[in-house]
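S.K.: Work out the full structure: start from the sequences and follow the hints.
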Amino acid sequence: MRRLFPVLVLLLLAGCAAVTDPILGTEPAEQEEPPDYSYDLFVKDIDSVPDYPRLTEEYKVRAIIQMYGRYTPSGYTIWVLDGNKTLMHKNITDPELLQYFEFDYYADSTEPHNIRVELQSLDSEHPEPEENLENNILRKDIKAYALGYYDLYNWKVTWFYDAVGMQVNQAQAFTLERPLNISKIGVYVQAKVPSPPNSTLFISLHEKPTNWGNMGVGDEILRGEIDATQIGQDPSWKWIEFDTLELQNDTYWIVLSYESPSSAGIEWYRAERNKFGEVYDTQMIDLAGYGEWEYKGFDFAFKVE
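Counting from 1, one number per residue, gives the positions in the sequence shown under the working numbering.
Hints are computed from structural coordinates only; laboratory data are not their basis.
Ideal Cβ placement from N, Cα and C applies to all residues, glycine included.
Hints are supplied without guarantee of correctness; some may be wrong.
To be verified - Pair ranges (Cβ atoms, derived):
(1) GLN31 with ASN132: 26 to 32 Å
(2) LEU97 with LYS208: 50 to 56 Å
(3) ASP141 with GLU259: 19 to 25 Å
(4) GLU220 with ARG139: 40 to 46 Å
M.R.: Okay, here's the thing in structure tokens:
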């Protein structure tokens, strides 16, 4: 029996080898997966810097390009167009996973710019998968906004209001950095108590004051009126329109006044913490035209276009 034991061990080992690989007697080698050459050239976004450029401001239009996948192509071509105008046509031979391309703009109007960005791979040996080509193009409108409080969704503040009544007018200043052609002025108002017939809200534009202490407002440039009975109990933008007027880089005042056979008033909304102007860019003006130069920690809501 002692002599038979080594023989049995050898037979068992031979049997195991036969099960593993009856031809070579070794375990089969693992097969390597083929390289993954797929990728996705993606126009991630088109935006402006800052997010909400205002009239007379300089800003940038930015195209954001991102690549997904395990393989980086040898290069790609990028086209950037503003309508029919080519802003950029370039071969990128050193692509990165995330790239920015920026273009300088000046906000001279609120007309939108129709921006289009398109990409095309230059890697002929490893073309981009066809199912990803829809991400190679993006269109988006980029625009500047009216001078002032151009829209409510951009202001994460609590809105209040002050009444424009028979005893007081209200005024808000704005300062232009460059000359601007304007043709309308808007204010954000409501009437919690409906105005009676023959009630009128006046919106006027004034030069800055030149008197001692710069009290009140300066000479009137233009005036428009709104039928106050059309101002509802919910706040909304109300506009006056006029022939195009060129304003210089200076400070101007918007004044609201109200006439009515009763004492009901109009509420002009405001945003706290002087988001647009300075602490002395907001005034209450009495019937004699004298302004209150008190510290005003808010700005009235207006638009100038």
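S.K.: Of the numbered hints stated earlier in the document, which are not met by this structure?
M.R.: 3
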